[in-house]
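Visitor: Protein chains in written order, with our numbering: chain A, 9 to 425; chain B, 141 to 341.
FYI, nobody ran anything at the bench for these hints, they're computed from the structure.
Reference listing, derived: stretches of chain B covered by chain A, where coverage requires no fewer than 3 residues with Cβ under 8 angstroms from a Cβ of chain A:
1) 159-171
2) 252-259
3) 319-331
Since the model is a prediction, treat every value here as computed from it, not as a measurement.
Think of the CB as a built atom: it goes at the ideal place given N, C-alpha and C, for glycine as much as any other residue.
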Amino acid sequence: MAEIKNYTLNFGPQHPAAHGVLRLILELDGEVVVHADPHIGLLHRGTEKLAETRTWLQTVPYLDRLDYVSMMCNEHAYCLAVERLLGVEVPIRAQYIRVMMDEVTRILNHLLNIGTHALDIGAMGMVLYTFREREDLMDVYEAVSGARLHAAYYRPGGVYRDLPDRMPQYRVNKFKDEATVKRLNAAREGSLLDFVEDFTNRFLGYLDEYHTLLTENRIWKQRTVGIAVVSPEQALQMGFTGPMLRGSGVAWDLRKKQPYEVYDRMDFDIPVGTNGDCYDRYLVRMEEMKQSNRIVKQCIDWLRKNPGPVISDNHKVAPPPREAMKSNMEELIHHFKLFSEGMHVPEGEVYASIEHPKGEFGVWAVSDGANKPYRIKLRSPGFPHLAALTEMCKGHMLADATAIIGTIDLVLGDTDR
Amino acid sequence: MSAKLERLCDKLKEVFGAKIGEPVLSLGEVTVEVPAAAYHEVARTMRDHAELKFEELIDLSGIDYSTYAGRTPGLHFAAVLQLISVTHNWRLRLRAFAPDNEAPALPTVTDLWHAANWYEREAFDLFGIVFNGHPDLRRILTDYGFVGHPFRKDFPVSGYVEMRYDPEMRRVTYQPVTIEPREVTPRIVREAGYGKVDGRG
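Just chain A, same shape as in the assembly:
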């Protein structure tokens, strides 16, 4: 009999299924993974150290660059931390806008996850469908903040500005004729809220398409059912949060358990898995998108009826309106001080966390009373999930390693910070 030895395989950092720059050292026995050792840090930018040298407001855009598929949720946790330290009240309309944009972000994130997860394990078509819907939501991002990805829309004290009254429209050019432009602009005639509402009405139909493509798909089930089974005890032990924890059957969601903003006024359900395998986590994410859709609808109804301020009127924290700044000496000073020296945050420490699409995203902010943070620690959900990869891969086939990387919804920007 031939002698068979274990051998080591270097997976990544440049690998299409590595979702960025993940390097995996896989020790294989034939085709079975004996040990997987993820090497991270290839995207480490020292965000926490940079935050110590920037004013409290200047740190906000860095947060976008952590998990670059759910940008606004990252900002949200940071703004909550700063607001809690300052003791600033956020206007109710801003809270509704934040909840709506958080749920839009959740749909964005899960669409990317399900699309690329399917792509990784052989279903090429999925990603084309999910990116079609992502494009609409990216337009929402662009309409509210001016940027498709790195929005910097949430600010300590509220959001940067109110929702726009009109959507940007397509124009005729050599690639798009008049008929195409008319079709594309059909939903863009009204305000942003009209556009989002139109999307929420269409979205359930899209979800059915995904279900048709994947849920009962034999190949998809063969690749995900019974792969990387995590028991509830293991999940807690390994620090899982979000869909990873709920996929294992623990009904834990910060939006319900420790509500922030206006989530306590929303009507939605928390899906929970039973087996704790990749397939259950997929189903949890699919159902979460449906629930997010419900929350977005409720927010739209409320936002239509209730105009009001969207950022705090405490001008030591939030900038004064442009007109006031141009006509009033005191507001001019406030504006100057805020954007040069920055706000002073009272001494203290706070840990603010939100239900990020990937799990619990937390910001531990320590202030010594200066205009810059003393220490910011970002608790990213991907970090403990990736740490558990070793345990989840053990005994699975090499091909399942990509399925497991897909199911933990890995974004290296968020893991490496």
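Since the structure of chain A is provided, determine the placement of chain B on it from the hints.
Guide: Relative to the frame of chain A, chain B by itself:
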């Protein structure tokens, strides 16, 4: 919420007595400081005690307190744990200062919460806190062969070395940093009551 947290504070005092510092309830969060000697034992009780049940370690982070404004110099490095109890739905922050500033070390809690594994590697990498008994204490976020602990307050933001491609050697090499450190906005801590006239301002 705060009545519940006061109950947690009372419970902590009852269970641990003098082993831990006074629980601090501030901004809706409970913080407990624990001496390094009792750290592991306290952490175990926090996880296992039926009325505390902190079964999940959410975060473990290092911190360097050496330049904290208004703080008398003492111990610099601490490990800070954010714990959560899924059973009781409450959170707790546990802080343990490492006894020696030159060679900070603490016992590991990896045996209590597996999630601590990478978090302790990160705190070791960035702050140089050694976790005794950790199964695999390697650097995690910095480059292979990195020297120093970058999140310490005495480590410059621009670092000491930079990387470039050397066309003659035809490979990537390190060289001392060429960028000048600059600070656009200085760090300022205002005295109490700054800018206030008759309580207004």
